[in-house]
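Those protein sequence lines, which keep their order, are chains L and Z. First residue of the first sequence? That's 1 in the numbering used here, and the numbers climb one at a time after it. First residue of the second sequence? That's 1 in the numbering used here, and the numbers climb one at a time after it.
Hints are computed from structural coordinates only; laboratory data are not their basis. Since the structure is predicted, the reported quantities are computational estimates derived from the model, not experimental observations. We put the CB at the ideal spot given by N, CA and C, even for glycine. Treat the hints with care, as some may be off.
Unchecked claim - Distance ranges between label pairs, derived from CB positions:
{"no.": "1", "chain 1": "Z", "residue 1": "GLN370", "chain 2": "L", "residue 2": "GLY79", "range": "49 to 55 Å"}
{"no.": "2", "chain 1": "L", "residue 1": "THR33", "chain 2": "Z", "residue 2": "VAL430", "range": "34 to 40 Å"}
{"no.": "3", "chain 1": "L", "residue 1": "ALA393", "chain 2": "Z", "residue 2": "ARG269", "range": "47 to 53 Å"}
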Amino acid sequence: MERISSNMSINDMQYQLNKRNKSMYELNNQMATQSRVNNLRDDPLAAGHSTRYMSKITHLERYAKNAERITSEHRVAEGYMKSANSILHRVRELAVQGANDTYTKSDKQAMGQEINQLLNELIEIGNARNADGTSMFGGDKTSTSPYRVLSGTIPEAGGQVVTEVEYRGSIKPSVVEIGQGNYVKKHFSGNEVLWAEQQQIFSAVNAQNYVVDTDTSIRIDGEEIGLNAGDNIHNIIAKINDSNAQVKANLDPVNNSLALITTSPHQLYLQDGAEGSVLQDLGVITDTGKAPFNVAPDANSSGGSLFDMVIHLRDRLYAGDTIDIGGSALKGIDLAQDKLLSSMSELGAQDERMQVALRRIEHEVPELQEQNSKEVDLDFTKAITDLKELEQAHKAALGAAGRIIQPTLLDFLR
Amino acid sequence: MNSTFAGIEMGKRSLVTHTTAMSTIGHNLGNAAKDGYSRQRVEMKAFDPIYMPGLNREETAGQLGQGVTADKIERIHDEILEGRIVKQANGEGYWKTRDKYVLMMEQVYNEPGDISVRAQMDQFWDSWQELSMYPEQTSARHSVLERGKSLINSIHRRYEGLSDIRDMLEQEVQGTVQRINSTLAEVSEINKQIVKIEAMGDNPNDLLDQRDRLVTGLSSLVDISVSGRDPDEFTIHSGGMHLLQGRVANYLSAEPNTQNEGYSDVVWRESGEEFLPRGGELAGYLELRDNDVREEIQGLDMMTINFTDMVNSIHRDAYGKNGQTNQDFFTEWPFVNNVSGNYDRSGDGEFDSTYLFRITGSNSLDPQQQIGLEGTISLSGPQGNVEIDYNSTDTVEELVSRINTSGAEVVARLDRNGRLNLKASPAAEVENPDFVIRHIEDSGQFLAGYSGVLTENGAAGAYDWEQSDAVIALRGEGVDYSVAPLSHPAGWTELNPSIANDPDSIAAGFGKNGDVADSGSGDAALAIAQLRNGDVMVGKYKGFSDYFSQAVTKVGLKGEAADRAYETEKEIMQELKGLKDSISGVNIDEELSQMIKFQHGYAAASRYISQVNQMLDTIINRMGV
C-alpha cells in the first residue's frame, strides 16, 4: 500500500491483538479442563469417537460387575452341591452296607433312620436360600421354596416321615449378560440339578389313527413345537425329535401309543399349546393340575429325582429288602450322584467362561480409556509451550505498537 | 485596464479560498478517528481570467489571472472498492450468525461429558442390567425409576435448550427485518437530501459517507446489489426486486406461518410474496431456524419416540413384581385420540388422514431365510415414493438392510420375536408431518402374506395415509400398530405416573405362555437393556450408539466450518478495510503539512492585500491634493 492513514496501524494492531487473545483464551480453557475438545467444533470426529468410547467403557464395567456377582453366587451354590454330594456319598455307603445280608433287620432299620435324617438335610439343601433370601434351586421362582414336602407314616419308621418331595420351582433358565450377546445362566432348576433318572412316559392311548385337526402346538420343557392340521402320529414324533427339547419320542409297539424318553436326566414338563389338546388326546397328560404334575394317570411314567432315589432306598431299608437295596436302590443313588457331579462340572465350565470374560474386560477397559484419551485429552506440554509462545508474541506486539502510535508532526511544530 | 480594487478583490479571493481549505483540514482532523470517514479535499481552481474573447474586450495584454477560487470540495473515495466492501459485509454477516448460533447448538449437547443424554441413557441401561440380575428386588426398581427420571430430564433439557435457540432465532429474524426497514427509511431520507444538494451543484460528502455506512450495514443483514448507474436515483436491489429506489422504499415484514409452528416468514409488505434472502444475517437466521435447529430437534424427537416406543412394547408384555402387566413405562400421548389414528388434516370436519408411526406384521420371520418371492416395495420418501426391489434369493436380513439404506422415510427392523416393524422417520419436507408412515405398497407377497403386514399385494392393497381408516389395508389379526406421537415427544415424554407411584409395577420378566412371570425372571429387563446396543433402527441410524456419535460429529463439523469461514471473512474484511483506509483515511501528518501550506498561502495573501492597500493609499491619499 502506498499510503498509510493514521488509523490503519491502530486498527491492525487491535485486530491482531484480538486474534491472539482468542488463541490464548482457548488454550487457557483447554488447560483448565485438561481436554482438547471443549466445544464440539474443536475436533468433531474425535468428539464422535469419544462418545462411543465412553459408552463402551460404562458398558464393560457393568459386564464385569455382573460377572463378578454371578461368580460369587455360583461359589455359594457350588458349596451346597458339594455338601449334597458328600451326603450322597454317605448314603451310598449305607446302601452298600445294607445290601449285605449279615446285618439284621433292626440294623437295617437303624440305617433307614440315618438315611431319613440325611434326607432331611438334602431337602434343606434343595430349599437353600441366597443371602438376599431368594431360593437357589428353584429356577426363576425365587420367592418360594422349590421343594414341597409331603409326609406320611410308614409302619417300620415309627412316626411321620417324608414320603414325597415335589418340585414346585420353574424350569425357565434366566440369563444375565456378561458381554455383548454373551449370557450366563443365573439360576439353577432343581428338576435338572437334583434329578437322577431318565424320565419315561408311555401313553396308554392307541395313537395309530390319530390326526391333528387344527394348527396348534405342544410345549415340551418350555419349547414350543408347532403342529399342523392333518399331522398324524408319525409327523408328531418326527417334529418332537427334530426340536430342541431334550427328549426322544417314538411309537410304543405294545400299545401303538406315544412314548417319550428324556435324553438327559431331568423332569419332563409337558403342556398343550394355547387352545390345543394334542397331548391330552394322545393320553400323555390330563387337564387337571399343572406341569409337571399333569401326567395322565393311566400313562406309564417312570423316572425320579434325587430325593425319590433316597426315599426309595430308605423305604427298602425299613422293609429289609436286601435285593432291592443292592440293586435298583443303589443304582438310583449312583445315577443321582452322576447327575449332581455333571451339574457341578457344568457350573465349573460356566465359571471358567466368566473368568475368561473378566480377564478380557480387564484388558479392554484400559485400552479404551487410552484410546479415548488420545482423542480428547490435552497434550499438556504442547499446550504450555504454545501458550508461552503466544505470550511472548503478545508482549512484542504491544511493545511495538507503543512505539508506532506516539509521535505526529504536531509534536515537532513550533 | 483592470479595475482599481481588483487587487484587493483578488487578495480577498485568495484569503477566502485558503480559509476554506483550512476549514476542510480542520474538518478532516476533527473526523480523523471516525470510522468510515473519507477525507475531503478542496479543489482549487484559478479564477476565470480576463479577458474572454469578445467584442468588448479591452485592448491590453491578456489573459490576466484573477486569483484562486475553491472549485469543489471532494471526498477521496474509491467507489469500486466500496462495492467490494459491501459484498464482503454480506458474507461476514452470514457466517457471524452461523458461528454464534452453531456454537450454542454444540453446547446443548454437553459432550464429550458425563451429563449428556447419552451418558444418562447409559446409566438407565445400567439400572436395567441391575434389575435383570436381581428381579426380585424393589430397590433395583427404585434405581430404574430414578435413572429413568434423570434420563427424561436430560432429554427435556436438551429439547428446551434447542427450542429456546429456535425462539431466539425467531426474535432475531423479526429484529433483523425491523433493522432492515429502519435502515431503508434512513437511506431514503438521505437520498432525498442528497438529490436536493446535488441539484445545487454541491457535493454532499458527509451524507454520502453516511449513506455508504448504512448501505454496508444493510448488506451485512441481507444480500443486496447497489446500482448507481442512474445518477439521479440510487437503487438497491435484493431478490430480483427493488428494496429502495431513490426515495421510495419497499419494506419487508415478518408474518407468522402456522405451517411452521408459528415462526415467521419474511415477506414483502406490499405484495405479501415471500422474500428469500440468499446471504447476510437474515439468511443465516432463517437457515439456522428452519434447517439446522429444526433438524436437531427432529433428531432428538426421533430418538425419543423410537426409544420410548421400543421400551414400552417390551414393558407391556412383561410382568411387574406385583403381577401387573400391560403397563407403559413412558407415557404415550398420541397425535390423535383415535384408536385407528384418524385425523382431520384439512380442518373441514371430516377425517381425511391416518397418522400411524409404527406397523408390526403378524408373522415371525427368520432373518437368514431366503424369501423365495420377488417384487418391488414402494415406501414414502422425501419427494414421492422410493422403490425397493427384491428377488427370491434375497434373505430377509438383506431386504431389511436394503430398505434402510434406500433413502425412504420408512425404516424396517425385526423385533425380538422376529416380527417385521416398519417405522416412520422424520420428514424432510416441512409440509409432511414427522413420524407418520405415508405409503406402503408391495407388488409381490413379501409385505402381504409373508410378513403379515398388508392384506394383499399390488396397488389395491397399498397402505396410504391420505384417507381415514387406512388401517383397513393392514392384515387383520396379529398386526400391531401405534398411532403417531403428539408433536415433539422430546418435550413431553414422562414416566408413566402409575409406575412412578408404584415401582413394583416395573416389569422385569416375561411370563411363560400367558402365565404371570416368576419373581426371579429378569429376561424382560435384559431385553430392554439390549435396546441400547442392538441394531434397532433409530430413524436412519442403525442404533443408539450411531445416533449419538454421528449427531455429535455432524454438529461439530458445522461448527468447525462456521468458525473457519467466519475467520476467513473477517481477514478479508480487514484487508479491504485496510485498503479503504489507505485511500480514504486521514493521515494526521499529511493534514498538518497541508495546513502549513495553506497557512503560508493565507499569510501571503494577507501580505499582498496590505501591499495593495498601501499602493491604493498612495494613489488616493497622496496623489494631487
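Results for each hint:
1. Z:GLN370 <-> L:GLY79: 49 to 55 Å: holds, 51 Å
2. L:THR33 <-> Z:VAL430: 34 to 40 Å: holds, 39 Å
3. L:ALA393 <-> Z:ARG269: 47 to 53 Å: holds, 52 Å
Checked against the numbered hints listed earlier, the structure breaks none of them; every hint is satisfied.
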